[in-house]
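**Q** Sequences listed follow chains D and E, in order. Residues in the first sequence are numbered from 1 upward in steps of one, following our numbering. Residues in the second sequence are numbered from 206 upward in steps of one, following our numbering.
Simulated from the structure, these hints should not be mistaken for laboratory data. Glycine included, C-beta positions come from ideal geometry on N, C-alpha and C. Wrong hints could be hidden among the right ones.
Capping the alpha-carbon separation at 25 Å, the derived lysine to any residue pairs in SDA-like fashion look like this [stated by the list, open to error]:
1. K103(D) to V594(E)
2. K153(D) to V594(E)
3. K666(E) to R191(D)
Which residues of chain E face chain D? A few of them, derived with a C-beta cut under 7 Å, are [what the hints assert, rightly or not]:
4. H302
5. P303
6. V396
7. K549
8. G550
9. G593
10. R601
11. M603
12. Y606
Stretch-level coverage of chain D by chain E, calculated; a stretch enters the list once three of its residues show a Cβ under 8 Å from a Cβ in chain E [to be verified]:
13. 36-46
14. 49-56
15. 107-116
16. 133-143
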Amino acid sequence: MSRFQPPYPGYDVLAKWDTPSWNDPTRRVVAERLTRVPERRFFDPHEWATLHAVCDRLIPQPDRLEPVPIAPFIDDKLHRHQSDGWREESMPRMEDAWRRFLKGIDEAAQARYGRPFVDLGPEWRDLVLRAVQKREAEGGAWGDMDQKTFFEKSLLREAAGIYYAHPAAWSEIGFGGPASPRGYVRLVADRRDPWEAPLEREDEA
Amino acid sequence: MSAEDTPRAVHGRAPDVFRRGGWVPMRCFDDEEEVDFAIVGTGAGGGTLAARLAEAGFSVVAFDVGAFYRPLEDFASDEREQSKLYWRDERVSGGEHPISLGSNNSGQSVGGSTVHFQMVTLRFRPEWFKARTKLGYGRDWPVGWREMWGYYAKAEAAMAISGPISYPWGPPRGRYPYRAHEVNAAGQVLVRGARAMGVAWAPTPLATISAPRGLAHPCVYRGFCKSGCSTNAKQSVLVTYIPRALKAGAEVRDLAMVGQIETDDAGRATGVVYYRDGRWRRQRARNVVAAGYSIETPRLLLNSATARFPDGLANSSGTVGTHLMVHSNHAVWGEMDEEIRWYKGPPSMAVCEHWNYEDQKDFHGGYAFMSQGPLPVDYAQSFVSNTGVWGMELRRRMANYNRMAGLKIVGETMPQEKNGVTLAEERDRFGLPVARVTFGYCDNDRRLYEHSLRFMRRMLKAAGAGDLFETESTAHLMGGCPMGFKPDDSVTDADGRTWDIDNLWICDGSLFPTAGGVNPSLTIVAMAERIADRIVALAGRGELERRGRRLGALAG
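Okay, chain D solo, but in the shape it has when bound (with noise of 0.2 Å):
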């Protein structure tokens, strides 16, 4: 796999923080998003191991020392039965869901490998997970729930949702974040206000 650079090694959106793009509300919501960390409340123990290995091949951080946590705003998420205001008619309740896929790529990787999903080195665990995701991973636990319609609609649509509501992805990608109440001046392309992530070329010169 080759390496991935960050195209805006030197943006920080939180450096923002104290400017007029953030405003109170949005400093309260972040604040809570950074420091307070749900606790395991809804999954076990194992299932909650499990998740957290799911999450790390789903998007991997090997350049963070404090990776972005994905998998307790799962949990708790489940814990408070918050729903996004709709579900398939095929697929069964989220809660029941979730725990079915956690219980059936364990069941794959005994299947395939003879140990649980947590033991399974990085290369092993995407071919399960590539193998749910092309419905082909074994087990009774699935049922009728379409495999690939878990994957990609709600395990990877969320732990997108998760990675990329944090400041760390923001800057990551160049996002400008916050802007209320000062918003933008320069709409073209290839011009950024001051307070916008530097230009590429701008860093090479």
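Please build the complex by placing chain E on the supplied structure of chain D, with the hints as guidance.
**A** Coordinates of chain E only, in the frame set by chain D:
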């Protein structure tokens, strides 16, 4: 006291949306007092109607299950936090192509979906009001385009729409109230593509102000429009019609879930049963208006079934909860050489309606398409659920965020009887059966979005984009309680008055007989403006109590 936990609009006052911690006086009615109108829902339909009827002197109580926010202090610049603006109570989505709900198309707050809409305010093409007669598909609307054109102008004035001096498609229209916004880099990609393809384009008419208005200052282009506007530049119903309604003496009840419309032995509506502040209550009313949009309005009518109306209220035709439509929301995305930074400005600042006005094509209906500017969570979720990309590759692809550009359609789908809303076995937090939504595309819908993907691919490439990929989704809801010309195949007449119950009305997007290829909000507001005028006219003739003979004759 959080807006989501405790009702704010109580004891003679309601939140002042323009001032932090502020209040405005609000007239309050007793549950026992028979008001002229109980309106269920405060969005583009209900909020507009509440203001207009109160201004005409009627006593009005408007209910909303959502919170009553003050944007300046309650809205963070954060996608995740702001999902509080979406309808997140459980619903079941089925059919051949189960549609996403929640953030996709359903609001839950005072002001309804206009609090999170992307402010695109386009008029219907005139011929669409006679889609069956003039274009050979769908149904005709029982309202003519010239009349609607007048109401569009009214709605645009009420929302201070910022738009171009001349609009390239359709009959001439008057000046927009506010000047157009500067088109951002994402929009300029569409402009470049349109020039290369030889089609027209326009700065999108938008419901966000380009100059001060009252206490609101102009749009600062922060780009969080879909997450709620924290500066009040966005002309949502929350900051336009709702303050007008309160000033004119309407009462707005937040965190109030209407579970049932009550009817008497004579088959007339007598009021609503609603849950607020920990208990079920009953508001008496001479007229009830359902304005909960295409899912909640049919759900409410179905949940209000009685021995006399076993199939739900206003449903003798069997069309309540049928003919639900969405807009196909297919998109093409690509990477540009230059930095676009599409997070700046409203998400869709340039529009092309070419295929709404060109009839040489292999499908019925039309589509508009617009430039795009999704924020990171929205974009990442759409990207992964469409492409299935994960791992280091996902982070690499997302790192191109600032170089991305996209074109996305609002594609008309056909009204089909089988697409709709029924009741599921499951119950919500109020103990009410939840909505079961069924949707499936038909062949014409597929031809439309495939056409759009081919066209937008060529256009985006012509604009200089590489590494193209496509996504599919849906947006908006239309239909579900179609209005029409006669009682046997529609729910209401042209005035939103149900055929079956004289004093039960509908005023929201569920009335749409066809979907049109443009975002629905402006048409919903315009229709509510019209329904208000009609109610005032009927009242003046003494025909509110009973449907007039002339109308009855017309209907027969």
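**Q** Hint check: is the beta carbon of M603(E) less than 7 Å from a beta carbon of chain D?
**A** holds (5 Å)
**Q** Count the residues of the segment 133-143 of chain D whose Cβ falls closer than 8 Å to any Cβ of chain E, and tell me whether that reaches three.
**A** Our answer is that it is violated, as 1 residues pass the Cβ test (under 8 Å) against chain E, missing three.
**Q** Would you mind confirming whether the straight-line C-alpha gap from K103(D) to V594(E) stays at or under 25 Å?
**A** holds (23 Å)
**Q** Quick one, is the G550(E) hint okay against chain D at 7 Å, beta carbons?
**A** holds (5 Å)
**Q** Check whether three or more residues of the segment 107-116 of chain D sit with their beta carbon closer than 8 Å to a beta carbon of chain E.
**A** Result for this restraint: violated, n = 0.
**Q** How about K549(E): closest beta carbon in chain D under 7 Å, or not?
**A** Since the shortest Cβ distance to chain D is 4 Å, the answer is holds.
**Q** Going by Cβ atoms only, is H302(E) closer than 7 Å to chain D?
**A** With a minimum Cβ separation of about 10 Å from chain D (threshold 7 Å), the hint on H302(E) is violated.
**Q** Quick one, are K153(D) and V594(E) close enough, alpha carbons at most 25 Å?
**A** With a Cα-Cα distance of about 12 Å, the restraint between K153(D) and V594(E) holds, given a limit of 25 Å.
**Q** Tell me if the interface restraint on P303(E) is satisfied: Cβ within less than 7 Å of some Cβ in chain D.
**A** holds (5 Å)
**Q** In terms of beta carbon proximity below 8 Å, does the segment 36-46 of chain D have 3 or more residues touching chain E?
**A** Check failed, 0 qualifying residues.
**Q** For the segment 49-56 of chain D, does the count of residues with a C-beta closer than 8 Å to a C-beta of chain E reach 3?
**A** It is violated: at least three residues are needed, and the segment 49-56 of chain D offers just 0 whose Cβ sits closer than 8 Å to chain E.
**Q** Is the interface hint for G593(E) satisfied, with its Cβ closer than 7 Å to some Cβ of chain D?
**A** This interface hint holds because 5 Å falls under the 7 Å limit.
Going down the numbered hints, you'll see the structure goes against 4, 6, 13, 14, 15, 16, while the others check out.
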